[in-house]
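Working from the sequences, and respecting the hints, build out all of it.
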Amino acid sequence: PRGPRATPIPAGGIAAAGLPYQILDARTGRQVDTAVFWAKLAASNAVCVGEEHPNPHHHWVQLEVVNHVAKTTPLALGMEMFQRPFQGVLDDYAAKRIDAAALRSRSGWEERWVYDYGLYGPTIDVVVAAHGQLLALNAARELTKKVVRKGLDALTADERAQVPELDLTDKNHRAWFDTLMESMGGHGGHSTKKMPAPEPDKPPEPAPAAEESPHGAAPPMPSADQIYTVQVIWDETMADTSAKWLKANPAGHLVILAGNGHCHDTAIINRIKRRGVTNVISIRPVIDEDGQVAELLARPMNDYLVVLQVPPGTKPAPAE
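Here the sequence shown is numbered in the numbering used here, starting from 68 and rising by one per residue.
Just so you know, the hints here were simulated from the structure itself, not pulled from any lab data.
Just so you know, not all the hints are guaranteed correct.
What the hints assert, rightly or not - Simulated pairs of lysine-lysine, BS3-like, Cα-Cα distance not exceeding 25 Å:
#1 Lys107 with Lys311
#2 Lys311 with Lys340
#3 Lys314 with Lys340
#4 Lys314 with Lys138
#5 Lys107 with Lys314
#6 Lys340 with Lys107
#7 Lys138 with Lys107
#8 Lys138 with Lys311
#9 Lys340 with Lys238
#10 Lys238 with Lys217
#11 Lys138 with Lys163
Said to hold, decoys possible - Derived CB-CB ranges, DEER-like:
#12 Glu178 with Asp158: 36 to 46 Å
#13 Lys311 with Arg173: 18 to 28 Å
#14 Gln89 with Asp158: 16 to 26 Å
#15 Ala228 with Ala162: 24 to 34 Å
#16 Asn134 with Tyr184: 18 to 28 Å
#17 Lys340 with Thr246: 17 to 27 Å
#18 Lys238 with Ala78: 44 to 54 Å
#19 Pro141 with Gly185: 46 to 56 Å
#20 Ile76 with Glu178: 17 to 27 Å
#21 Lys311 with Ala110: 18 to 28 Å
#22 Pro379 with Lys311: 26 to 36 Å
#23 Ala221 with Arg94: 33 to 43 Å
#24 Gln98 with Asn134: 42 to 52 Å
#25 Arg216 with Ala162: 31 to 41 Å
Using N, Cα and C, we set each Cβ at its ideal position, and we do this for glycine too.
This is how it looks when you write it as structure tokens:
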């Protein structure tokens, strides 16, 4: 997999990051009429739109999707970027009791997510203007850090109650995860070697050397199984939070914003469906270059690809 693109946000914000695009059925490779595409989205219960986190063109696609479904009520925007303990902060922002600066501060945005808020703020504000709900989908970082370092068995009863039903047996998902880890320099999911613990959607980093540790010894690196368990906790928590809202609002429409590694069949999508909500669509934005579209069509994991064409001379620079 290629690293995320460090493309600057245009002066006009993500609304100015639009590119010419075509819609492809990811299962067949056939082009889909845009009117048919938008009608399919409007008829669904939930739409998961993936992203490379720093790519403004991907966030423009998310904004377009939200603009098209914003008239649907009840409406909710579920976000990987916010963790469950901060749902009350999102409620306050949706009710216009606090401003965006307070939202970022109280949810620990800079520490827990770090990506530019400008990539998300306009989309969030469309939902607020439409009187929709904002959902903190993700698991608390404190919980996942404990699992990746010590395993599920180390959780207290209160902590274990925060973990939804987990399916750790999906062979296709495990194979995808193993391939991802190998591409990042790991050793595959079933290796006996230890691997560094990742933050959400970030490559693993080497553990500190003993002399660099403030305690004189580096902590043991987690096993591949522990890292995989955290990956599943992220997906299952986002799916569980989404499914609960959808069941409470059967006539509602939920748009989910999540990284490409979460917004695909074996991740959030099938885990929502396992909870009884079946009309769920996944979308992957992709720049039409370097054979990326062909790779995604060869092994489809989404319902639709939004294929973005970069005009000649304006090709985004790869991340350094």
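Hints, one by one, checked against the model:
no.: 1; hint: Lys107 with Lys311; result: 22 Å, holds
no.: 2; hint: Lys311 with Lys340; result: 12 Å, holds
no.: 3; hint: Lys314 with Lys340; result: 12 Å, holds
no.: 4; hint: Lys314 with Lys138; result: 20 Å, holds
no.: 5; hint: Lys107 with Lys314; result: 20 Å, holds
no.: 6; hint: Lys340 with Lys107; result: 17 Å, holds
no.: 7; hint: Lys138 with Lys107; result: 15 Å, holds
no.: 8; hint: Lys138 with Lys311; result: 21 Å, holds
no.: 9; hint: Lys340 with Lys238; result: 17 Å, holds
no.: 10; hint: Lys238 with Lys217; result: 24 Å, holds
no.: 11; hint: Lys138 with Lys163; result: 19 Å, holds
no.: 12; hint: Glu178 with Asp158: 36 to 46 Å; result: 21 Å, violated
no.: 13; hint: Lys311 with Arg173: 18 to 28 Å; result: 23 Å, holds
no.: 14; hint: Gln89 with Asp158: 16 to 26 Å; result: 38 Å, violated
no.: 15; hint: Ala228 with Ala162: 24 to 34 Å; result: 28 Å, holds
no.: 16; hint: Asn134 with Tyr184: 18 to 28 Å; result: 19 Å, holds
no.: 17; hint: Lys340 with Thr246: 17 to 27 Å; result: 23 Å, holds
no.: 18; hint: Lys238 with Ala78: 44 to 54 Å; result: 47 Å, holds
no.: 19; hint: Pro141 with Gly185: 46 to 56 Å; result: 27 Å, violated
no.: 20; hint: Ile76 with Glu178: 17 to 27 Å; result: 21 Å, holds
no.: 21; hint: Lys311 with Ala110: 18 to 28 Å; result: 22 Å, holds
no.: 22; hint: Pro379 with Lys311: 26 to 36 Å; result: 47 Å, violated
no.: 23; hint: Ala221 with Arg94: 33 to 43 Å; result: 41 Å, holds
no.: 24; hint: Gln98 with Asn134: 42 to 52 Å; result: 22 Å, violated
no.: 25; hint: Arg216 with Ala162: 31 to 41 Å; result: 37 Å, holds
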